[in-house]
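Note that the protein sequences, when read in sequence, are chains F and V. Okay, so the first sequence: first residue is 1 according to the working numbering, each after it adds one. Okay, so the second sequence: first residue is 1 according to the working numbering, each after it adds one.
Honestly, the hints are just simulated from the structure, not real lab data. Don't take each hint at face value.
As the list makes no split between identical chains, a pair holds if one copy fits it or if it spans any two.
What the hints assert, rightly or not - Calculated lysine-lysine pairs in the DSSO-like style (CA-CA distance at most 30 Å, straight line): (1) K338 x K78; (2) K236 x K302; (3) K27 x K128; (4) K128 x K338.
A quick note: this is a predicted structure, and the numbers were derived from the prediction, not measured.
Here are the chains, one letter per residue:
2 protein chains.
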Amino acid sequence: MENFTFVSPTKIIFGRGTEETVGGEVKKYSKKILFCYGGGSIKRSGLYDRIVKSLKENGIEFIELSGIKPNPRLSTVKVGIKICRENNISFVLAAGGGSVLDTAKAVAVGVPYSGDVWDFYLGKAEVKAALPVGAILTIPATGSEASNSSVITNEDGWFKKGINTDLIRPAFAIMNPELTFTLPPYQTACGAADIMAHVMERYFTNTQHVDLTDRLCEGTLKTIINNAPLALENPKNYDARAEMMWANTIAHNGVLGTGRETDWASHKIEHELSGIYDIAHGAGLSIIFPAWMKYVYKHNTKRFVQFAVRVWDVDLSFDSEEEIALEGIKRMTEFFKKMGLPVKLSEINIPDDRFEEMADKCTSSDTKLIGGFVKLKKSDIINIYKLAK
Amino acid sequence: MENFTFVSPTKIIFGRGTEETVGGEVKKYSKKILFCYGGGSIKRSGLYDRIVKSLKENGIEFIELSGIKPNPRLSTVKVGIKICRENNISFVLAAGGGSVLDTAKAVAVGVPYSGDVWDFYLGKAEVKAALPVGAILTIPATGSEASNSSVITNEDGWFKKGINTDLIRPAFAIMNPELTFTLPPYQTACGAADIMAHVMERYFTNTQHVDLTDRLCEGTLKTIINNAPLALENPKNYDARAEMMWANTIAHNGVLGTGRETDWASHKIEHELSGIYDIAHGAGLSIIFPAWMKYVYKHNTKRFVQFAVRVWDVDLSFDSEEEIALEGIKRMTEFFKKMGLPVKLSEINIPDDRFEEMADKCTSSDTKLIGGFVKLKKSDIINIYKLAK
């Protein structure tokens, strides 16, 4: 196990009806806030009205930043920053999925910074301060409600980049699984793939002796594998929705990565896809992860055997470790398919003519290498895109 | 899953050499502190000198509260409160195991309270404020370094009582597994039993559909089952010590109990034992848990089957669910024995003449019942003591 520092201070308020507590939570921080949300879904579901009621009851003034899109845009972030500055706003509330939450976090770091907020995403500047953020989650997928991450797309060149800092961990996260009953099947499945990806990015590591976090990862994966199909079968299955929602937080609040080197190559390889083609991040991951696994498993076949046996119940009586490892990857791929997710680029009509460009963007950092488990260079990334064709 | 609120804000600083950061952490809170520790072990190991060096380098003035005993005493807590008040101290640092940490927490709630600190432990008053506490852990057992609990013994009648409040979660916890290399085998084993007990108190629940936390509990138990024997075999096995130390925090920071009714009967039944006979809490638990399980398993045999199969690898081909459940309890008992722990009261010379008195104390609350999984009355508790003879 490696040395680590870990802090996850987000107050989790979980369960039926919890959105009604939002005003009481917000007023501990501010009486004047920016209220971020996406399209009309929170209005159709009545969530918007319940939030507004609670804010008003607690005497909280708010300005809205609405229309936040999936793969959220830098231009929207800049609008939010401007509103906050002009109105002396000191708290950002987000109601929605990862895109809304990540936008709120980007606004939160942008307001106290005199330069261009994109500097942080380019690694040109370090976050030193942020407004507090509160979250009301409606889509379990990105784990943003308690994570230290925010991912934003710059339309100028379609660069999709992320930041990580404990300063953007939300002050509170309100999580009512009922709010996810209306999620369409495809979005539910994409969310499941994203949650699983957050676990797997941590699971595939070169760090030895990480028994506890290995087992916590495996338990979280099994929970999603068992419950995502139940949620797809019956979208109003509260218990299945609750398992997915809480697993979403556990998968990405950082606890599963404590003391271990993590990977994140698949996320970066996927970000180029969803950055350019505007596909759902989870669908990109269900395509990239099987390809990445097939490309790297020989680096540590035993770890893939453990994954196959403990997560996918592969019987150890297969003839070779390699067969067991491949069977694990196969079962994961089949699981994605069964959930209605694509596992090949061709299935969502992504052609093979921009692999080089995407691999270039992917390796634009100083080191030109991505990934912790296996360090990948540009040619490796092109090979992985090819395996995913 | 039940509705829940969960917050675990403790900053974890984990790994080799981390105690050297203590001064830097403390000075974020105060320049004048109470420094609590137990006997001479932190002096012999050199930890005391390293802490003092770091405090001095950061210009932190400290007054010592030393000699804190296992099953820590109310009288010591009162001395600490007096020192803090007389010296205008606003931070409590604890270096040691659960007894030292729980004493520090008790001092922290006692200082700003005008009444008798024991009021909190009797449930006569509610904690409204506490000084911040920092922890340097030397014994993985009670999970106190990130928990919301403090357990204190009142020598006047030997009452052992606990409080739970998020206000006493430490601000930071410094955890260097090397500091546990010198723990004697018996204390290592007692710690393992205590950690397992914290998980099992949460695992045995009447709440349905708690897949994720079930699996996280099972993974934490398996980690201890695999690593405690390694630590006993080679006390300087860093990896095994690290797994135990981190499992200790995960077991008791509250995450494993989220969304589920928990039990705590075994803890209360044990507290009467260690309160009166001054035995190690972990040794009391290794005696009480098997007895409690045998007494209650029929309440939900299926849950004990799951425990047997997933935690103890019992093969499902046993003839009946009851056999499988009992085999799980048997394997746990054998595991305690193998670690050198007692599993019967007679093994540590505790006679059967005070069962009634202890059961009386145990049920002295208004409701006269203890436990969440099965509500136990006085006669049940006497029966459990008898099963543990």
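Verification of the supplied hints:
no., hint, verdict
1, K338 x K78, "neither (40 Å within a copy, 63 Å between copies)"
2, K236 x K302, "between (39 Å within a copy, 26 Å between copies)"
3, K27 x K128, "both (24 Å within a copy, 19 Å between copies)"
4, K128 x K338, "neither (44 Å within a copy, 52 Å between copies)"
Against the hints set out earlier in the document, violations occur for numbers 1 and 4.
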